[in-house]
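Participant: Guided by the hints, dock chain B onto chain A, whose structure is given.
So the chains spell out like this:
2 protein chains.
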Amino acid sequence: MGLARPLQQLIQELGRLPGIGPKSAQRVGLYVLRQPEADIRRLAALLVQVREKVRPCQRCGNLTDEGLCPICTDEQRDSSLLCVVEDAVDVLALERAGYRGRYFVLNQDPRRGRQPVLEDLDLKGLHRIVSEDQVREIIVATNPTVEGELTARFIARAMETSGVRVTRLAHGLPVGGDIEYTDELTLRRALEGRQTL
Amino acid sequence: MGLARPLQQLIQELGRLPGIGPKSAQRVGLYVLRQPEADIRRLAALLVQVREKVRPCQRCGNLTDEGLCPICTDEQRDSSLLCVVEDAVDVLALERAGYRGRYFVLNQDPRRGRQPVLEDLDLKGLHRIVSEDQVREIIVATNPTVEGELTARFIARAMETSGVRVTRLAHGLPVGGDIEYTDELTLRRALEGRQTL
Chain A
1 MGLARPLQQL IQELGRLPGI GPKSAQRVGL YVLRQPEADI RRLAALLVQV REKVRPCQRC
61 GNLTDEGLCP ICTDEQRDSS LLCVVEDAVD VLALERAGYR GRYFVLNQDP RRGRQPVLED
121 LDLKGLHRIV SEDQVREIIV ATNPTVEGEL TARFIARAME TSGVRVTRLA HGLPVGGDIE
181 YTDELTLRRA LEGRQTL
Chain B
1 MGLARPLQQL IQELGRLPGI GPKSAQRVGL YVLRQPEADI RRLAALLVQV REKVRPCQRC
61 GNLTDEGLCP ICTDEQRDSS LLCVVEDAVD VLALERAGYR GRYFVLNQDP RRGRQPVLED
121 LDLKGLHRIV SEDQVREIIV ATNPTVEGEL TARFIARAME TSGVRVTRLA HGLPVGGDIE
181 YTDELTLRRA LEGRQTL
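Listed in order, the protein sequences are those of chains A and B.
Using our numbering, the first residue of the first sequence is number 1, and each one after it goes up by one.
Using our numbering, the first residue of the second sequence is number 1, and each one after it goes up by one.
Excised from the complex, chain A in its bound form (with noise of 0.2 angstroms):
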């Protein structure tokens, strides 16, 4: 196809990478030629040392490099909290959210598809962490999606007995948002959850 074999095949493979098309993964690989040769060693390095290294936190199945993941070992955290998610990407918007309790990670397989395996949730680990830490409320943040709502519906129930708080993130208008533009469940949401000024 005219281009040096490496780089066609490094083109073919970077635009199997989810949200990369084509077009930027021919980007990428011409980019790779332009830059230093440490920087793409390092890079190379580093997609090998995650796939070694990472796996789920032994307790809340956030991503870790060693047995727990740095914010079970962290003392500062008010383990009274815990917010219960679905990935650990969420770990990382709720941290720069200003968040510092504890976590939960569910990690449901993607691969089984958009509905949630609700007996696959591994409500012994929850219940594990909820006693371990004396956990008084449980903010379920999953997805504001029919899929994240079921999950959140099975998790309060789940925890009826325990005299746990479970909470939910609130609906509303997103911050920089334009009431113009907003679904009707969204604002529906927001009437519904109005706050005094």
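Take the hints with a grain of salt, since some may be wrong.
Each pair may be met inside one copy or between any two copies, as identical chains are not told apart.
Said to hold, decoys possible - SDA-like cross-link-like pairs, simulated, lysine to any residue; straight-line CA separation at most 25 angstroms: (1) K23 with N107; (2) K124 with M159; (3) K23 with L94; (4) K23 with R194; (5) K23 with I129; (6) K23 with Q12; (7) K23 with R41; (8) K124 with A45; (9) K23 with T186; (10) K23 with T145; (11) K124 with R189; (12) K53 with V130; (13) K53 with L17; (14) K124 with E147; (15) K53 with T167; (16) K53 with R16; (17) K23 with D39; (18) K23 with R42; (19) K124 with G19; (20) K53 with R5; (21) K23 with R165; (22) K53 with R42; (23) K53 with V146; (24) K53 with E37; (25) K53 with D90; (26) K124 with E86.
These are calculated hints, taken from the structure and not from any lab test.
Since the structure is predicted, the reported quantities are computational estimates derived from the model, not experimental observations.
Facilitator: Quick look at chain B alone, frame taken from chain A:
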């Protein structure tokens, strides 16, 4: 920041690649965790191999991992046709379009800004191929931009005394495009270049 350090670093490095935003970088980072280890090793090895081995062809500037690129050494090519392109990705596009002549890749350093540095153009290399291959027509396929136009005219002028025909790719409506949304310059060019049915 909550996630395993190597994964954080990988996400950061991925986010530096062109066309990959922070969200895509996160998605790719997590995707790496779920792929077979052999696949990730292959991707990492390809990155290093491309950076180490792939160079511009000594003759035409196309990218290759040998001295001469596969197109320069392909005897089946129509060597009387020479297509001048800005970048090696343009070779891929023209190959897909069915072009079967040879190429001359300008490889202008994109870090030098958008302005073509005409004095940097390898006119000597171009003249060499023209005489070695007994080229009859040079098709200038620089991008349809002000800079590409400038480069095209510069090449046409440089070839004036050589007796070689210099042509330019046609301007006009993109196939599948919409006249209503076509900019006026393109439409004017499409009118000027109209063809008998």
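Participant: Work down the list of hints and note, for each, if the structure agrees.
Facilitator: Consistency of the hints with the structure:
no. : hint           : verdict
1   : K23 with N107  : between (31 angstroms within a copy, 18 angstroms between copies)
2   : K124 with M159 : within (11 angstroms within a copy, 78 angstroms between copies)
3   : K23 with L94   : between (32 angstroms within a copy, 14 angstroms between copies)
4   : K23 with R194  : neither (45 angstroms within a copy, 30 angstroms between copies)
5   : K23 with I129  : neither (46 angstroms within a copy, 30 angstroms between copies)
6   : K23 with Q12   : both (11 angstroms within a copy, 21 angstroms between copies)
7   : K23 with R41   : both (23 angstroms within a copy, 23 angstroms between copies)
8   : K124 with A45  : neither (36 angstroms within a copy, 41 angstroms between copies)
9   : K23 with T186  : between (35 angstroms within a copy, 23 angstroms between copies)
10  : K23 with T145  : between (31 angstroms within a copy, 19 angstroms between copies)
11  : K124 with R189 : neither (32 angstroms within a copy, 69 angstroms between copies)
12  : K53 with V130  : neither (28 angstroms within a copy, 54 angstroms between copies)
13  : K53 with L17   : both (20 angstroms within a copy, 23 angstroms between copies)
14  : K124 with E147 : within (21 angstroms within a copy, 64 angstroms between copies)
15  : K53 with T167  : neither (34 angstroms within a copy, 56 angstroms between copies)
16  : K53 with R16   : both (22 angstroms within a copy, 23 angstroms between copies)
17  : K23 with D39   : both (22 angstroms within a copy, 21 angstroms between copies)
18  : K23 with R42   : both (24 angstroms within a copy, 21 angstroms between copies)
19  : K124 with G19  : neither (35 angstroms within a copy, 42 angstroms between copies)
20  : K53 with R5    : between (30 angstroms within a copy, 10 angstroms between copies)
21  : K23 with R165  : neither (49 angstroms within a copy, 32 angstroms between copies)
22  : K53 with R42   : both (16 angstroms within a copy, 17 angstroms between copies)
23  : K53 with V146  : neither (34 angstroms within a copy, 50 angstroms between copies)
24  : K53 with E37   : both (24 angstroms within a copy, 11 angstroms between copies)
25  : K53 with D90   : within (20 angstroms within a copy, 39 angstroms between copies)
26  : K124 with E86  : within (16 angstroms within a copy, 60 angstroms between copies)
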